[in-house]
Amino acid sequence: MSDIYTLTSEIIALIYAKDRFRATINKLINHTETDSKRDEIELDFEIIGLPQHRVIAVRNVEPIVICIGEEDDMPCVRVRNDFPVVPHLNILEDNITKTLCYVDLQYNEIKHKMSGRFLLTCIENWFLKTSRNELHQANQPLEPFFPYSNNVIVLDEQIINIIDKYMVEDREFGKLMYRCDNGKKYIVINLSVSRDYSNLIHNMPKTLFDLLQSFGNKTIIEERLKDISSIIRNPKEYRKYFGQSKQILLASNVIIKLMIPKSRTIDATPESYDFRTFVSEKPLRDIIDDYGFVLNGSKFEGNNKLGEKGKNIPIQHFNVHFNNLKIHNKLYNSLDLEDGNENISIIGVGALGSHILNNFLREGYGKWTIIDNDYFWPHNIARHVLTNENIGYRKADSLSLLSKRIQADSDIEVITEDFFCKSSSICNSLERADIIIDTSTSIAVERILALDIKSRARKLSCFLNPRGTATIMLLEDSAHKVRLDLLEMQYYREVLSNEKFKNHMMLPMTKVYSGGCRNITSRISQDDVSLSASLCSKAIKLHLKEPNGKVIIWTHEDDSVSRVVFPADSWYVYYYNKWIIEIPESLLEDIKSDRVRQLPNETGGVLIGAFDLSRKRVYIVHQLKAPKDSIASPNSFIRGCVNLPEQLKSIYETTSGNLSYIGEWHSHSNDNTKKSRDDEVLHSEIVKYNRENCIPGCMMIMGEKDCSIYVDE
Amino acid sequence: MSQSILFYPEGNAECVLLELENDKRMLMDYANMHGSDSRYTDLADTFSNIDKFDVVMFTHSHEDHVKGAADFFYFDHAEKYQSENRAKINELWISAAFLLDVNPCEDARVIRQEARYRLKEFGGRGIKIFAAPNSLQKWLKDNDLSIDEGDHPIIHAGTLLNNSDHGLGDMISVFVHAPFSEDSDDVSDRNEPSVVFQISINNNEQITNILITGDISHSVLDKIIERSENNKHTEYLQWDLYDIPHHCSYTGLSDQQGDQITEPSENIKRLLSDYGQENAIFVASCRAFEDVKEGDTQPPHFQAEKAYKKYSKNSDGTEKLFFVTSEYKGKTSPKPLRLKIDETGICEDIGTNYTIINSPAPRAGK
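These protein sequence lines are chains A and B, in that order. Following the numbering used here, the residues of the first sequence are numbered contiguously, the last one being 1111. Following the numbering used here, the residues of the second sequence are numbered contiguously, the last one being 371.
These are computed hints drawn from the structure, not numbers from a lab. Hints may contain errors.
[Said to hold, decoys possible] Derived pair list, reagent style DMTMM-like, types lysine to aspartate or glutamate, alpha-carbon separation capped at 20 Å: (1) B:K315 with A:D442; (2) A:K416 with B:D354; (3) A:K527 with B:D354; (4) B:K345 with A:E444; (5) A:K416 with B:E295; (6) B:K311 with A:E444; (7) B:K340 with A:D417; (8) B:K29 with B:D56; (9) A:K527 with B:E283; (10) A:K1072 with A:D1104; (11) A:K527 with B:E348; (12) B:K315 with A:E460; (13) B:K314 with A:E444; (14) B:K340 with A:E444; (15) B:K325 with A:E460; (16) A:K416 with B:D296; (17) B:K334 with A:E408; (18) B:K336 with A:E444; (19) A:K1103 with A:E987; (20) A:K527 with B:E353; (21) A:K1023 with A:E892; (22) B:K311 with B:D321; (23) B:K315 with B:E283; (24) B:K274 with B:D264; (25) A:K563 with A:D625; (26) A:K707 with A:D625; (27) A:K820 with A:D772; (28) B:K336 with A:D417; (29) B:K314 with A:E460.
[To be verified] Computed list of chain A residues with no C-beta within reach of chain B, every gap over 10 Å: (30) L656; (31) R921; (32) Y974; (33) N975; (34) V994.
A quick note: this is a predicted structure, and the numbers were derived from the prediction, not measured. Yeah, the Cβ is synthetic: ideal placement off N, Cα and C, and Gly gets one too.
Could you put the whole structure together from the sequences, leaning on the hints where they help?
What follows is the structure in C-alpha cells.
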C-alpha cells in the first residue's frame, strides 16, 4: 500500500474500522496504474441514515469510485451511470460519467480540512440530502443550465446587432471574445427559450443540432436566413455590413445568444436568467450547406441534399459576462436603484477627490461632472487613483476614461477650466447640479461656492486636516441657511473648544516636487486618504438624506476612527456700513449672559473671528472672557490683560491662523448701544492695533435688548 | 415531529425503548446482560437518569427478556424494591401466561408479583394483562377477585389500543396480535405466548409501523397472519421496522433450519415480501454472528438472516437494511442502535451532521 496517497489510506482505514462508515472495497487501483494518475477506490458505500421514503431514489448501498490525486487535486467521486440526474451532479463531457459536486466552495477553501473522514462525510451528506432533494438549499442560487466552460464572451447588454464584430483572443483561462471594431464579423442570432424549472445542469451541446434540439427549436436558422436574405436584397444595408463581397457574409461564423429564464418550481416566476453564448466553429457557408441550402442571388434555395440541420456544425460554448453598467455597480454594492440618480459636480479631483469619485463610480452612484484643471504628475501616484499612464494628462480627463472602464454606460462630464475663472460652463454645471462636492481642499473654492455661485444644489466640503489624521465634512443644510463659510467658522470654533483637537491643525512635513515655489506636496499617508474618502462617500450618501447642516470630524486613530458630529449653528447677521457681520446664536447668548451676570457693572471680552476682506465680511466666532485684572463699574469697563497674549497665541496656533483677535466687546447697562466718546477712543485703538495685522478693527456693544457691531479700517 | 426507537446490544436478549416527542417512554423488555458480558450495554447505568417509564411491556418471562429488572425498577408490592434511584413503571404490560407462571426466574417472579399486586390492590390501575385463558379465571377466583373479565384490564388479541387505553399520545396506536388466549393455558414453552403487537406511529399522515414479536415461533406468526388476513385487516401486518423474533432463530421462520437458508412458510414469506414496506428495516436483537461458533445451535442462525433478506427485497431488487444489535458499530464494543421516525418514515439516526461545507465562507471582500 506504499504506493497510495495518504488520503486513500485514511479512507481504507476508516472502512476497515467499520465504526462510523459502512462500505465494502471492491477494487483499489493505485495512481501509478491509472490513466488519471489518481488512486481509484471502488466501493459499495452504504448511506447511513437514509430516510425510508426518498424523494430521489438513492439506494441504501451505492456503488461509487473515489479518485484521489496529488494534494492540490480535489478528490472526485463517480457514481453509477444510471444515477438520477439531480442538482449538484456533474455530468462530464462524455455525457455518461457523473461525479458528485460535494462541496460548493473552491477546493482551496476546504483543503485544510480534507481528510478521509471529511471526504466520506461529504459523500454521505451529498447522498442524504439528495435523497430528500434538499441538497440545493432554498437560499442557494439556482443551478446553471449548462456547465461552465473555460471560454468567456463579454457582451454589451444594450447592443443588439444582427451582424457585429468580435475579437477572439487566447488567454490563460481559455478564449476571450469581446466586441471590437477591429474584430471579425459574426452573424448574431438571439434564441428565445422557454422557462426552465428543473434546476439541473444539462449536457453541453456539441453541435448546432444538439443545441437547437435541446430547446425544441427547429426553425430559427431558416428564420434568420430570411433576415439575411433581406439584408442581401438591400444593397445599401449589405454594403454597410459587408462592403462589396458576398464571401465575407458566407465566411462569417454565427453567434447564438441565449437567455434562459429559470425558476425554482414549475409555478414560480423566473428568479434569474442564465445567459449563454455558442459560436459555430464553421462559417455560414457550411451551415446553410448542412441545412440543405445554397445562396442563389439573395435567396437561400435547396441544394438537393438532405439537410442535416446542424449535425455537422460543431459549436463552442462561451460563458457570458456583461460589461459593467451603472445599474450593475449599484446592485453589487447593494444600493437602492432609486438612490444616486442626482447630478453631482465634484470640484477638485486630487488625492481625496479622486478616491471619493472612484468609490461613487464603482457604486454606480450619481451623474457626475468633474471640475478640475490640474495635470497628473508622478508624485500624485502615491495617493491618487490614477497611475503612471496618466502622467501629463489632465486628472479630470483621465478619470473620465477610467469611469468608462468602471461603468460601460458612464456619462461623466468634464470641465477642465480653472474654477476661479467662474466660466459659463462651470456656472451652468453648478446651476444644474443637485449636489456639489468640494474636494478642492481650497478655502477659496469653498467661499466661492458658499457666497458667489448661484445654485440650488446642496453643497458640502470634504478635506483632511494638514497632517491627514482627521477628516472633516462641512455639510450645508437643505434650505441653504447655514452656508459652507459659516460651517467652516464653526469648525474652527469646535477645534478651539475641544482639547481633543489641540493638535488638529499642526502642519505636516512637505516636499517640493518640482521647480515652482508653490510646487509642494504634503507627506500624508495613502491609508489616511483612502480611509478619508471612504468615510466621506459613505457619509455623503447617509447624511444627504437628512435636511440638517452639520460639521463632522472623524479622527483617524492608529487603527480605528472616532467621529464627532456638530449640528450647524444658527447665525445672526448684522450690517455696518458695507460690512456684513455674522455671529452664531450661541455666542451671542453667551455674551448676553455675561452682561446680565455682571450688572449693574459693565463687562466685556475679546472677540475672536475672521475677516473676508474681499467680500467685506466679518465672522465673530468666539470670545475670550474678561481677564481677571479687568476693572468694571456701572459706567465703564477696562479690559485687563492677564494671560491674554498667551491665549491669543494659542488660538492662532490651534487654528493655524484661521481665527485670531478681531476686536473687543463690552456691555452697556442700559439699552443704548451707541458708541460713547470713550468707545470711540477704544475702537480707534482696536483699529490701530489691527492695522498692524492688516485687518480692520471690530467692536461690539451689548445693550439690554440688542447689540451694535462696529467695523472700521 | 419525530420519535426514536432504540435497540440495546445485549447479546441474545432484548431491550427496546420507544421515546416519543411528547417525552413519553415505552420500554419493551429489559434484559441487562452487561454482567455476563461487559461488551453489552449496562442498561441500569444507561437508564440511570430516567425516573419513570410510561409503559413497560415484557413480552414473556424468560430471563433474556427480564434479566436485572428486579434490581432496576421500583415495585409497589414490596418495600425492598422501593429505593429512590429505581425507575417507576406507570403501566405494566404482561401476558396472562406471565402472570400465571409457576416457576419463573427471580426477576420474572418479582415482575409477576408486581402484576398480581396491581391487579389485587390497585383495582387494575397501572397494569394490562394480555389474553384471558381459562386458568386466569381460576386464579382470579382463588385470589378472591371478580371473575368477570370486564372488571380487569384484560386485553385480547385483536384489540387496537389508542391513547385512551395507553396514554402515550394520539400519534400512536398499538394493535395487539398475540398472545391468543387458547395458547396461554398450560404453557410448556414460555416463548409461545409472547406478547406480539404492531405499533403504529403517525407523523403528519406518514404512518410508520413497528412489529414487536418477542420470541414467538413461526406457528404463532402463521396464525397471526391468517387471522389478520381472514379479518381483512392486513394493515396490521404492515411493517416498516421488523423486530425479528427470537434473536434471529430459524424458529421464527420455520421448523427446519435448512442447510443454507431457512425456508419460511408461505404466510411468513408474504409477511416479509408483501407487508414489508419499501426501505423497511430489520433489527435482530442477538449476538454477533461471528460469536456463533461451530456446533453452537443457539441463535442467531445465518440461514434465517438469509431468508429475511431474500424474501423482503425492495422494488429495485436491493436488500432491506438488516441490523444486528450486538454488531452495531463493531462487535467488540457495540453501541445502541437509534432509529428515527418522522415524516420521512424510519431511518438510522446518525445525529447532527456538522459538515458545514455548503455554507458560504464567512468572509467578504473578494
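Structure-based check of all given hints:
At most 20 Å may separate the alpha-carbon atoms for a hinted pair to count; K315 of chain B and D442 of chain A meet this at roughly 19 Å. Distance hint between K416 of chain A and D354 of chain B is fulfilled; the C-alpha atoms sit about 17 Å from each other, no more than 20 Å. Proximity of K527 of chain A to D354 of chain B is assessed by CA-CA distance (about 14 Å); at most 20 Å being required, the pair is judged to hold. Proximity of K345 of chain B to E444 of chain A is assessed by CA-CA distance (about 17 Å); at most 20 Å being required, the pair is judged to hold.
Distance hint between K416 of chain A and E295 of chain B is fulfilled; the C-alpha atoms sit about 14 Å from each other, no more than 20 Å. Between the alpha carbons of K311 of chain B and E444 of chain A the distance comes to roughly 19 Å, so the proposed pair stays at or under 20 Å and holds. For the suggested pair K340 of chain B and D417 of chain A, the alpha carbons sit about 10 Å apart, so the restraint of at most 20 Å is met. With a C-alpha separation of about 12 Å, the suggested pair K29 of chain B and D56 of chain B falls inside the 20 Å cut-off, and the hint holds.
Our distance criterion of 20 Å between C-alpha atoms is met by K527 of chain A and E283 of chain B, whose separation comes to about 19 Å. With a C-alpha separation of about 11 Å, the suggested pairing of K1072 of chain A with D1104 of chain A holds against the 20 Å cut-off. A hinted pair counts as satisfied when its Cα atoms are at most 20 Å apart, and K527 of chain A with E348 of chain B qualifies at roughly 15 Å. Between K315 of chain B and E460 of chain A, the direct Cα distance comes to roughly 19 Å. Compliance with the 20 Å bound is thereby established for this hinted pair.
A distance of roughly 16 Å separates the Cα atoms of K314 of chain B and E444 of chain A; the hinted pair therefore holds under the 20 Å criterion. Taken as a hint, the K340 of chain B and E444 of chain A pair is honoured in the structure, with Cα atoms around 18 Å apart against an allowance of 20 Å. Note on K325 of chain B and E460 of chain A: the hinted pairing holds, with a Cα-Cα distance of about 13 Å set against a maximum of 20 Å. Distance check on the hinted pair: K416 of chain A and D296 of chain B sit about 17 Å apart at the alpha-carbon level, within 20 Å; holds.
Restraint check: the Cα-Cα separation between K334 of chain B and E408 of chain A comes to about 18 Å, which is no more than 20 Å; the hinted pair holds. Of the pairs offered as hints, the one joining K336 of chain B and E444 of chain A holds, with about 18 Å between alpha carbons and a cut-off of 20 Å not exceeded. Between K1103 of chain A and E987 of chain A the alpha-carbon distance is near 12 Å, which keeps this suggested pair within the 20 Å criterion. The hinted pair formed by K527 of chain A and E353 of chain B meets the criterion: a straight-line CA distance of about 14 Å does not exceed 20 Å.
Of the pairs offered as hints, the one joining K1023 of chain A and E892 of chain A holds, with about 17 Å between alpha carbons and a cut-off of 20 Å not exceeded. For the hint pairing K311 of chain B with D321 of chain B, the CA-to-CA distance comes to about 18 Å; that is within 20 Å, so the pair holds. Under the criterion of a C-alpha separation no larger than 20 Å, the hint pairing K315 of chain B with E283 of chain B is consistent with the structure, at around 14 Å. Simply put, K274 of chain B and D264 of chain B have alpha-carbon atoms about 18 Å apart, close enough for the 20 Å limit, and the pair holds.
The hinted pair formed by K563 of chain A and D625 of chain A meets the criterion: a straight-line CA distance of about 18 Å does not exceed 20 Å. Proposed proximity of K707 of chain A and D625 of chain A is supported: the alpha carbons are some 18 Å apart, at most 20 Å. As the CA atoms of K820 of chain A and D772 of chain A are separated by approximately 16 Å, the hinted pair is consistent with the 20 Å bound. A C-alpha spacing of about 10 Å is found between K336 of chain B and D417 of chain A, which places the hinted pair at or below 20 Å, so the restraint holds.
With a C-alpha separation of about 18 Å, the suggested pairing of K314 of chain B with E460 of chain A holds against the 20 Å cut-off. At roughly 28 Å from the closest C-beta of chain B, the C-beta of L656 of chain A stays outside 10 Å, upholding its exclusion from the interface. Non-interface call for R921 of chain A relative to chain B: holds, since the shortest CB-CB distance, roughly 29 Å, exceeds 10 Å. For Y974 of chain A, the shortest C-beta to C-beta distance to chain B comes to about 58 Å, beyond the 10 Å cut-off, and the non-interface label holds.
N975 of chain A, annotated as away from the interface, keeps every beta carbon of chain B farther than 10 Å; the closest lies near 60 Å. The Cβ of V994 of chain A sits about 59 Å from the closest Cβ of chain B, beyond the 10 Å cut-off, so the non-interface label holds.
In summary, this structure violates none of the numbered hints.
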